[in-house]
Amino acid sequence: MTTNRITVVLSQTRSKNPGKRRLEEEIATALLLEPGIEFAVTPNVYDLSPGDTGLLYLSSVKSHLVLLSWQYPRAAHWLLDRNGISGKQGVTHLKSLGEEDDEEAPDEIEEEHRGIGPAETLDRYIFCLDLRAYDDAGVYVDEIKRIAKEATVKLVPLTGLLTNSNQGASKPELLQHLSESEKKGAGPIVLGESSVNRWYPVIDYSRCTNCLECIDFCLFGVYGIDHRDRILVESQDNCKRGCPACSRVCPENAIIFPEHKTPAIAGAPGEGPGGLKIDLSKLFGAPSAIELAAMERDVELVKDGRAAVGLSVGIPLRQAGKAPAEKDDLDKLMDELDSLEL
Amino acid sequence: MSDNYIFLMGKYEARVPKDRLYARSHMWFRAEGDAYRVGFTAFAVRLLQDVYFLDWTVEPGAVVTAKQEIGEVESSKAVSTLHAPYDGTLLRFNPELMKDPTAINVDNYGAGWLFDFDPKDALLLTAEEYIRHLEGTWDETQRQIKGQMHD
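Chains S and P, in that order, give the protein sequences.
Numbering that gives the first Met the number 0 applies: residue 0 is where the first sequence begins, and numbers increase by one.
Numbering that gives the first Met the number 0 applies: residue 0 is where the second sequence begins, and numbers increase by one.
20 Å max Cα-Cα, derived SDA-like pairs, lysine to any residue: (1) K10/P - Q141/P; (2) K281/S - R142/P; (3) K281/S - Q141/P; (4) K281/S - R131/P; (5) K281/S - L122/P.
None of these hints come from the bench; they were simulated from the model.
Quick caveat: nothing in here was measured; it's all calculated off a predicted structure.
Given the sequences, and given the hints that come with them, work out the whole structure.
What follows is the structure in structure tokens.
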């Protein structure tokens with residue numbers, strides 16, 4: 000019975016940081032010896048193009064999938080979705096970067112969003128684990144073993160997806176070849192090489208309401224709409240490196256730049272860590288989110304030899320509102336307020 | 000005649016020395032040669048409380064525009080980005096704070112200075128004008144902070 004096999008893919012860091020490389024190697028070494036787990040390594044999935052070996056491989060996987068990557072799980076999940084690799088979000092016991100142990104499970108928070116949902120979802124689970132959260136390879140290996148075990152007893156069987164037991168039949172020949180080397184214990188399979196460091200937005204369709212404010216705001220033609228009038232990232236390489244302006248304009252915080260330094264933009268769960276602390280940025284001279292987005296867009300327009308437009312084009316009429324905080328947090332917030340003695 | 004104005008934040012007395020100038024973004028400016036030494040006012044430090052972490056996102060010598068993000072601060076009460084008060088050049092950052100930012104709490108008007116800055120064209124406030132700015136915005140500031148709590 001192969002339907003309960005799980006596939007684990009490790010999306011490598013761009014960084015040469017020896018600590019990160021070591022963690023990747025330790026996890027790879029442990030998983031190669033694990034029965035019932037298909038394991039492969041790809042360059043950072045965010046940097047892959049359609050047709051790259053890594054994406055071909057991921058697309059060929061129809062089993063439950065675990066993706067280990069140096070990104071927030073929400074960013075990783077919707078990055079896969081963007082590449083046609085869909086599935087239901089599996090619930091991991093691990094935290095992502097910046098989450099505290101005493102915080103509520105993020106899956107409960109996520110359910111409050113009212114997005115249009117993914118275009119299609121394969122009937123299997125995808126678990127995205129954040130490699131930035133723990134230094135110990137054993138934590139990840141144990142969690143993967145737990146998921147693998149759960150896959151054999153609890154997860155919904157994958158009906159209709161794997162109709163025969165010859166699981167490898169649909170995979171490209173190259174990958175079958177690589178699987179042979181895996182069996183010989185020749186080290187982890189590395190699928191392709193990373194050539195570029197990309198930069199483009201990823202849409203979280205569990206949050207996106209298809210309001211289309213991003214398509215009005217972006218003046219570089221990144222966004223488009225599909226045949227069903229759903230927003231999509233149409234020309235990702237038109238996007239301007241380092242510019243997260245559309246993400247700031249999005250009223251649902253549904254636009255993720257996985258490599259941005261600000262957690263809320265990089266796909267942190269909820270509104271981002273530190274949400275319980277007050278934000279004094281405005282007091283210290285910060286522009287509003289909309290002003291900032293316009294400033295960032297102007298910088299990119301000027302670099303392209305075009306005229307800055309400031310706040311004159313594509314600015315939503317609504318007020319830049321904040322999503323309501325969790326009710327459960329109110330007590331904590333009031334305590335903080337009281338201790339401010341204002 | 001005292002050397003300071005006092006601004007009352009609840010019961011807390013925020014000191015505003017008369018020997019220097021101010022920006023609306025709650026920084027003090029004291030002339031140092033051709034440029035200014037800049038730091039947080041007592042008002043800002045009171046809102047921050049204990050500073051845990053300070054990071055600059057631009058290099059010394061950077062030419063910046065007003066409101067541009069230049070760094071971030073994390074304290075016991077707040078996380079916040081920091082922004083250029085005016086157009087100008089950021090000459091250098093206080094090296095002591097890179098090792099340990101607690102001088103911001105211990106001596107914000109002295110050893111806890113943040114950076115040296117050469118403004119292009121700054122309309123700095125006198126201590127008296129800054130006090131009036133605080134008085135004029137205090138209700139709104141409290142509403143803003145409490146608003147973040149209630150939202």
